[in-house]
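Protein chains in written order, with our numbering: chain A, 1 to 96; chain B, 97 to 447.
Among the hints, erroneous ones may be present.
Unchecked claim - Each computed DSS-like pair below joins lysine-lysine, with the alpha-carbon atoms no more than 25 Å apart:
no., chain 1, residue 1, chain 2, residue 2
1, B, K254, B, K239
2, B, K182, B, K239
3, B, K182, B, K248
4, B, K106, B, K182
5, A, K9, B, K239
6, A, K8, B, K254
To be verified - Some but not every residue of chain B turned toward chain A, in silico, with C-beta under 8 Å:
no., residue
7, K106
8, I108
9, N111
10, G116
11, I120
12, Y176
13, I199
14, D341
15, I361
16, A387
17, E440
Claimed, not checked - Stretches of chain B that chain A covers, calculated by requiring three or more beta carbons in the stretch to come under 8 Å of a beta carbon on chain A:
no., region
18, 137 to 151
19, 209 to 215
20, 260 to 269
21, 353 to 360
Keep in mind the hints are simulated off the structure, nothing from the lab.
A virtual CB, placed ideally from N, CA and C, is assigned to each residue, including glycine.
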Amino acid sequence: MAQSSGGKKPILKTIVFGLFSVALYAAAFSYGDTLTALFSRGSFWAAGPIATVFAFSYAHGAFASNLWTCLGIEASRARATKRPEVRPQPRATLNA
Amino acid sequence: METLLLDSSKFIELNFQAVGFLFIVGFIGGLVSGFIGSGGAFVLTPGMMSLGVPGTVAVASNMCHKFPKALVGAIKRFRYGQVDIKLGLIMAASAGVGVQLGIMIQQAVLGRWGQAGSNLYVSLSFVAVLVIVGGYVMMDAVKCSRCGGEEKTSNLAKRLQKIELWPMITFKVSGLRISLWFTVPVGLATGLLAATIAVGGFIGVPGMIYVIGASSLVASASELVVAFAMGLGGSVNWALHGMVDIRLVLIILAGSLLGVQLGAIGTTYVRENMIKAVMATIMLIVAVSRAIAVPQYLVQLGLMDVSEGSLGIMSNVSFAFMCLALLVGSVIILGAMWKARRAEAAAYAKA
């Protein structure tokens, strides 16, 4: 879709996060019914679904981001207004 | 791990079709949300209910997938310099109050006219807000595209920004300074709509554009911050009542996290009026969908007489229009990205 920046593709990262994501999904769905039943108890079990979606969004989100980059789908170089990596430091000046 | 029995009155048995449906709708919904900031998840609640999921579990599971999706989308768009966190947080705080107001109004309607009256109120609010706001956004998008796609700050926003009413707040990313008293009503209306029709962004994004004066890019990106904050609060509340079906949430997330990042990438390719065009198109198609659903509530209230068969057809057509809204939105987004990518590639080849 979008054009590749031509830089190095994060293939290793994609594989690592992909495996991490698959492992999380496999673990969750192996005990899918049990997890759902536990989380439906409410009260302090409410932390369960919230923590679970944060963990999945980290692993699967990183995988998805790297996957699009590997497929050459990246932000436009012409229009994206990238945030500067480092804040510009104020320079001390002396007014003589 | 101990084996627990699943409450079959609350949680459905999953099959291949259900998983496929949720993944695909999650992906398309994510794509639309990543692009316009909201509005991608409204098909999921009726979609899950059509699979047999009870209404409250469908609403809770939808909300629980929305906030991590919004978080991932917001992070992606923050990297592109589009998110105004301050604006998003102020909007979210006032939207939180709006949600409580919306719930109070809903409860009053429910108490006076019952479930059918409440459904009618929701559908009529849907139609009125979407037709008025969606129509205005569409007119502006068309006007904007005729002038080359460059956005101009609305006259209302310019006037409001000139009024020096303490406390004045500077939004650096949006590049504007406005009184808090003009941002709060937009947040309140967003929350009110979120509590009524579950898609606050249909007011929040146009409000940030036309009342506060943010650009479409910043407004749609900052709406993701609002969606995250409100979604997290709502999800905790639903989870405390044990209403979240984590299996459904994870399946939808699998698709939506892919979609939301693609939508976010798409915003860097298109002109700003394209965000307005997609949002308005979706809003107007959804308005048609909800208008078709109105007669069933009028029948329940005894105000209209329509046969069961016709009501069934209307219900299916209404749902089909909702799916169509998402599909049309995603086709416009992908088409615009594709066109812009080709133009950019051609420009680079020339240089």
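Structure-based check of each hint:
Between K254(B) and K239(B) the CA atoms are separated by roughly 19 Å; this keeps the pair inside 25 Å, and the hint holds. Distance restraint check for K182(B) and K239(B): the Cα-Cα separation of roughly 30 Å exceeds the 25 Å cut-off, and the hinted pair is therefore not satisfied. Note on K182(B) and K248(B): the hinted pairing holds, with a Cα-Cα distance of about 22 Å set against a maximum of 25 Å. Straight-line distance between C-alpha atoms of K106(B) and K182(B) comes to about 39 Å, which puts the hinted pair past the 25 Å bound.
Restraint check for K9(A) and K239(B): not satisfied, since their Cα atoms lie roughly 41 Å apart, outside the 25 Å limit. Distance hint between K8(A) and K254(B) is unfulfilled; the C-alpha atoms sit about 45 Å from each other, more than 25 Å. Taken as an interface hint, K106(B) checks out: its beta carbon lies about 7 Å from the nearest beta carbon of chain A, inside 8 Å. Checking I108(B) against chain A by beta carbon gives a least distance of about 10 Å; that is not within 8 Å, so the hint is violated.
Among the interface hints, the one on N111(B) is violated; its C-beta lies about 13 Å from the nearest C-beta in chain A, farther than the 8 Å criterion. Restraint check, G116(B) versus chain A: the minimum CB separation of about 15 Å is more than 8 Å; hint violated. A distance limit of 8 Å between C-beta atoms decides the matter here; for I120(B) the minimum to chain A is near 15 Å, and the interface restraint is violated. Nearest Cβ of chain A to the Cβ of Y176(B): about 5 Å, under the 8 Å cut. The hint holds.
Because the smallest distance between the Cβ of I199(B) and any Cβ of chain A comes to about 19 Å, over 8 Å, the interface hint for this residue is violated. Using the Cβ-Cβ criterion of 8 Å, the hint placing D341(B) at the interface with chain A is satisfied: the shortest such distance is roughly 6 Å. Taken as an interface hint, I361(B) checks out: its beta carbon lies about 5 Å from the nearest beta carbon of chain A, inside 8 Å. Because the beta carbon of A387(B) sits about 34 Å from the nearest beta carbon in chain A, more than 8 Å, this interface hint is broken.
Because the beta carbon of E440(B) sits about 6 Å from the nearest beta carbon in chain A, less than 8 Å, this interface hint is met. Under the rule that three or more residues need a Cβ within less than 8 Å of chain A, the assignment of the region 137 to 151 of chain B is violated, with 0 such residues. Residue count for the region 209 to 215 of chain B with a Cβ under 8 Å from a Cβ of chain A: 0. That is fewer than the three needed, and the coverage hint is violated. Residue count for the region 260 to 269 of chain B with a Cβ under 8 Å from a Cβ of chain A: 0. That is fewer than the three needed, and the coverage hint is violated.
Under the rule that three or more residues need a Cβ within less than 8 Å of chain A, the assignment of the region 353 to 360 of chain B holds, with 4 such residues.
In this structure, the hints that do not hold are numbers 2, 4, 5, 6, 8, 9, 10, 11, 13, 16, 18, 19 and 20, in rising order.
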